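These protein sequences, in sequence, are chains V and Z.
The first sequence begins at 21 in this note's numbering and counts up by one.
The second sequence begins at 1231 in this note's numbering and counts up by one.
Treat the hints as calculated values from the structure; they're not laboratory data.
Take the hints with a grain of salt, since some may be wrong.
Not close to chain V: a few residues of chain Z, all C-beta gaps over 12 Å, as computed [unchecked claim]:
#	residue
1	P1248
2	S1649
3	V1657
Short derived list, chain Z residues pointing at chain V, Cβ under 7 Å [unchecked claim]:
#	residue
4	V1459
5	V1642
6	L1650
7	L1663
Keep in mind it's a predicted model, so treat the numbers as computed, not measured.
Ideal Cβ placement from N, Cα and C applies to all residues, glycine included.
Okay, here's what each chain looks like letter by letter:
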Amino acid sequence: MSALAIRDLHLAYGSTVVLDGLDLTVANGEVVSVLGPSGCGKTTLLRVIAGFERPSGGSVTIGDVAVAGPGLWVPPERRRLGIVPQEGALFPHLDVGDNVGFGLARRQTHRDRDARIAEALELVGLGGYERRRPDQLSGGQQQRVALARALAPEPSIVLLDEPFSALDSGLRAQLRDEVRRVLAIAGATALIVTHDQEEALSMADAVAVLDQGRVAQIADPVTLYRQPATLSVAKFVGDAVVLSGERHGALLTTALGELVDATPASDAITGPVTVVVRPEQIIIATDTARAGANDAATGVRATVVCSTFFGRDASVQLRLADGTLTTARFGGRDVLVAGEQVTVRVEGSAVAFTR
Amino acid sequence: MARLRSPRDRAPVLLLIPAVAAAIVALLPLWYLIDQATSQGFGAVWDEIVQDRTLWLVLRSLGLTAVVTTGCVVIGVIAAVLVVKTSLPGRRIWHVALTVPLAIPSYVAAYTWVSWRPEIAGFGGAALVLTLGSFPYVYLPVASALSRLDPATEEVATSLGLAPWRVLLTVSVRQVRPAIGAGALLVALYVLSDFGAVGTMRYEAFSWVIYGAFRSGFNPARAAILACVLVAVAAVFVAAESRLRGRPSFIRLGAGAPRPQQAVALGRATPVALGFTTAVLALALGFPVVNLAIWFNRGLSADFDLGAIGSALGDTLLLSAAGALLTMALAIPVGALAARRRGPLVQLVERATYIGHGLPAIVIALSMVFVGVHLLEPIYQRTPLVALAYAVLFLPLGVGAVRGAVEQSPVVLEEVGRSLGYSPMAVLRRITLRLAAPGVAAGTALVMLTAVKELPATLLLHPTGSETLAMGLWSNTNIGRYAAAAPYAATLVLLASVPTLVLTRMSRTLAPNDAGGLTP
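Given these sequences and hints, build the entire structure.
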């Protein structure tokens, strides 16, 4: 039994289609992030799951309970899920303890309730904060209280809506690890909506990329990055160097030389393809370095168009022999100057999409 | 990410039912008014309308409206320009002082003038009192529009070689014309609805004639037909006003806050400018207060009945408190719905409760008499019916306060509450209303203190044997006992100045169109 199963979900506002036949399954205990550009429908998806929006078609099942489907709609308060909104949204008229205890059943005794509140606060590293007011907390602390509030009633699934977008970048990375740890300890099933690729890749067991109202690909982070299913997924997840080429079985002929297809087609098809490699796969060797290393002449020649220095490395724009422009990272101690001739080769395999 | 809304869950029935009930309460009087007006057939209605005396009545009312509106535009625009755009000394103090005349009920101001020179009664007195009392309706929107103008346009004009005064007239004042129009329409609507000033000055405008038709042997059909004609005239102004209000009153492109206004140096004209603002305030505020103090002092040596005033204060507070509680009980479901839900039914309900905003108080008062006679006989001339009339009159104020307060509490808190297992009604009670409580309490106080100075509905519907402060002032003024009237007027002025303070503190949470109110 999966924790969440969504089948053929549709939702439109007037003539604007937001969700268009979306399918998604989340296994028990799994943390899945939903990644997509703004306007792709990811927040709407979260709101449909939570019950704040009614889908116009398709079904949503939480655990073994159908909550939305033809002629069926279970209101949010009976779905047993936890939500962590963008900026925490703590109740300003309640202290931290009452915020965390808000969703605990009223029939519980005071002692049970207080114990559960303490436990949830302990889990997020804020033990003893019960009597603080929300406005006395920092942004990161508020977000952790919001997580404790969502986890306290032991929901079947936790929905996090861009939970770190309001925080500055240092705090963000720290809280990301923290939340990941808390979700793991709690054994919670979670769905995290984000537009931040790094956040999606680093936090989740699986990433679902949303494009035009449906899931373009769902895979573990490594597979998603190395073997994107579509060109748009490839472009959206990480930086991509896009080249045109020819396929000959598992070999790809491009301006960067002969490359190996990471996901070769079962039969030896030939024909024109679009090839994607990651900038960090492109290795640049200067002529002096090659002379020093007595390197064999592998790779293709390229001309440096310009180089932008970032500190630990530089982003280099190169013109290949056939005139194609491409970007690569260059981490050497040398500084490349415009017009310089270099040799480039590709490390690892590439991904090809039939044109 | 922009969040489009529409197919959400529906409004809770437990909220919708009382909201619809509030709308019905608001519309009920109008139904009975029309029913009464047409009770002798449409022929009788037509005969009444085409009479010469009806035509003259319309012309007298419109004449007063035109004169007062013109006067208010002149005073309001000049004062706004002086305060916002020039080097007038003490501009902040003037800005506050120029809004204070709104706090004086028109019948109190009229009393202070007519008690000074009884021969002022009639057109001149009514026009004077109404102009001095309602120019802030023009001053406020114009001053606010002027202060939000982008100084860049004025700088461009100056750089093109225009003198500062020319810039003021050709660039600044022209840009705030929509604000002037909106203010003028508010004044026109106020004059048409006013009962206190025309009644005290005995000028035969609509409100006074309708009251007379009700008093003299009570010709209900004629009173109702005239009330309908007044509603029709007022409706034209209401429609025009709401159309104007929909448009932005100023245009500024680009982001960021505009730079502060540059003041035109008055130089040698400073005494003239100061003389103008001083004269306006002396007439609108100084004269009524001083004359009231003089009569109050005379009353102390004459027949000063402390017991009567104490009991009038008690009756006033009792009626207005009952009215405020009923108003808010009806306003909470409507305001909470209007802040959170869209849809034709919710919109219809909210519009219906705004009827008290556009209808003259005398019309609602008269309609409530018909409701009392035909439908609610057991409470006719008893406290509950007065409270009901106040509720119809002041629902816009209450709904505005509730709506503003609820809108301040973020929707996402309610969504979190729902996901934690609470029904929409539980969320409303445990989160939304808890957060909105300060605003709702302030709204209740505002409604109560506005009800304290209500005159026409109180006159027509007051419980047998009770007398409010407004009624005490009214009856004593009408028989020329000005000294005896003074303590009532003084108590009223003190009570009436409180809502102005509350309003300035609440102005951030209230919708702008609710400020001031339209009930004399």
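Inset, instruction - Hint by hint, work out which the structure violates, then give me just those numbers in ascending order. - result: Violated: hints 2, 3, 4, 7.
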